[in-house]
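These protein sequence lines map, in sequence, to chains P and Z.
Quick note on the numbering used here: the first sequence kicks off at 178 and runs consecutively.
Quick note on the numbering used here: the second sequence kicks off at 1092 and runs consecutively.
Simulated from the structure, these hints should not be mistaken for lab results.
Since this is a predicted model, take the numbers as computed values, not measurements.
The reader is advised that the hints may include incorrect statements.
Derived DSSO-like pairs (lysine-lysine); straight-line CA-CA distance at most 30 Å [claimed, not checked]: (1) K1349/Z x K1307/Z; (2) K231/P x K312/P; (3) K1349/Z x K231/P; (4) K1349/Z x K1312/Z; (5) K1357/Z x K1312/Z; (6) K1161/Z x K1128/Z; (7) K1128/Z x K200/P; (8) K200/P x K1161/Z; (9) K1364/Z x K1312/Z.
Partial list, computed: chain Z residues near chain P (C-beta under 7 Å) [as the list claims (entries may be wrong)]: (10) L1175; (11) R1179; (12) G1180; (13) Q1183; (14) V1191; (15) L1203; (16) E1220; (17) L1284; (18) H1288.
From the three backbone atoms N, C-alpha and C, an ideal C-beta is built for every residue, glycine too.
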Amino acid sequence: MTEAISSHHNEENQQSPLAGLLKSHPETAFDYLEFRFIAAGMSAQMAAERASEKERARITRAFETVVAASEMLDTSAEYEADREFHLSIYAASHNAVMEHVMRNVFVMLHQDVFYDRRQFHGRAGVRELLLRQHKAIYDAVMAREPERARRAAENHVLYIRDTLQESRVAEQRAAVALRRSGRASLVQMNDVET
Amino acid sequence: MKNSPLSFNRAYHHMGEVLRNNTMEDIVARDRIRPAKLAEAVAEHLESLILEGSLRPGDRLLAERDLANKLDVSRPSLREALDLLEQRGLLQSGRGGTYVSGLLGDGFSTPLLEMLETNEPSSTYDYLEFRGAVEGTAAYFAALRASDMDREMVHAHFLTMEAAHAETESDPSREADADTDFHLSIYEASHNLMMLHVMSSLGDVLHKDVLYNRSKLYTRKGVRALLLDQHRAVHDAILSGDAEAARAAAEAHVNFTKAALHEIDKADNRLEKSLRRIVSNIPGDGSGQEILQLAGASDDFQMD
């Protein structure tokens, strides 16, 4: 059934109007992350309960690729591996509607709608933390511990949210600093007390 | 843009462009003060209305002249704005006017419909399982975030449902419609635009199916009253701002719906099986009068 659904996808050609709309309203990133928090937690929990041997093998392959990409410091390989890892968990949830919705959401957000993933992975400390979070999800799913898997997946999304929030605030601060440094162009410097 | 080191979001990217092309002095003087073209401002306004759900997929806009009057802009500016939005896939012209497009596109709905058709009823349960978690959270946020107007809407839809419940014992479809509106108003009150659009697109795709399920539920004795009580619990929790209670009530409601449908399906299956058994035990071609009567009996089958 899963194969039947994905065969309809020509992923790179799926442009939904919503993607453009979200892209021009960066604040909706946080709505997306709230939504993903629910789906990620629920699907990790269900995957821990329900994954078949075949699905567990796919999750393992995906996780090994995540580790390898992280070691190579190759952000675009990391991004692809990350995506496949999460999709393998959605697929193991045994909920066809959940898998369909989240696959579409991933496809829709493919083109760096909310943040530049390369930059995201490249930030100091982020790579190690992301890897540790993926490992926590992986371990709990493989140990068939639903509650732990749900919490691990939720933590992962919360971390992304916090990091995004911090970097947005950092941009605003950078913009303020930039404008201050250009002050000389707007005022008569002689009048300004220093 | 993808490879730009400074494109963490649009504003930052814009800042990077400005930096590369201008001197530091230019930035303070020019950044963000360029006035937008009127048509772009109109397009942006309409876009926001679509994003926040004030305009819904399938809505038909006013005729161009009336809309231009309403927005207090010239017709050429409006025309240009509508063209822009059509290019972005947010509007489409069809018979008799301009319509708001489905936001998630055909790639979302077509495979979903096919899946539903080939895997009924298991996809219905999948849908309800998924919805249980999402709607619990939507109710939670609605209790936290609803403005006075949102609360009024949730309340109004509940009253409509209650009235339909009291008045039309014989016609469950009005109550089922009010039920749909009530749930949409919760997604709106949650002020999470992602949940609103994904779940309402999903709802639209499943509309026929959901209606079928709802009427299936609403025709069962006893179930209808239980559903109303559950909706009341969700309503009360949202209006009183009790987020945890709202989550619990919404989850309980969707879980009940799922369990009740399951029981109904099981009962129908049992009935079907026993009907088949009876049919196969009847000598002859199996099209006897008794079978017709038995088959008719399934309509009166009650869950409780």
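Hints and how they fare:
{"no.": "1", "hint": "K1349/Z x K1307/Z", "verdict": "12 Å, holds"}
{"no.": "2", "hint": "K231/P x K312/P", "verdict": "19 Å, holds"}
{"no.": "3", "hint": "K1349/Z x K231/P", "verdict": "28 Å, holds"}
{"no.": "4", "hint": "K1349/Z x K1312/Z", "verdict": "17 Å, holds"}
{"no.": "5", "hint": "K1357/Z x K1312/Z", "verdict": "17 Å, holds"}
{"no.": "6", "hint": "K1161/Z x K1128/Z", "verdict": "19 Å, holds"}
{"no.": "7", "hint": "K1128/Z x K200/P", "verdict": "20 Å, holds"}
{"no.": "8", "hint": "K200/P x K1161/Z", "verdict": "28 Å, holds"}
{"no.": "9", "hint": "K1364/Z x K1312/Z", "verdict": "23 Å, holds"}
{"no.": "10", "hint": "L1175", "verdict": "11 Å, violated"}
{"no.": "11", "hint": "R1179", "verdict": "5 Å, holds"}
{"no.": "12", "hint": "G1180", "verdict": "4 Å, holds"}
{"no.": "13", "hint": "Q1183", "verdict": "10 Å, violated"}
{"no.": "14", "hint": "V1191", "verdict": "10 Å, violated"}
{"no.": "15", "hint": "L1203", "verdict": "6 Å, holds"}
{"no.": "16", "hint": "E1220", "verdict": "6 Å, holds"}
{"no.": "17", "hint": "L1284", "verdict": "5 Å, holds"}
{"no.": "18", "hint": "H1288", "verdict": "6 Å, holds"}
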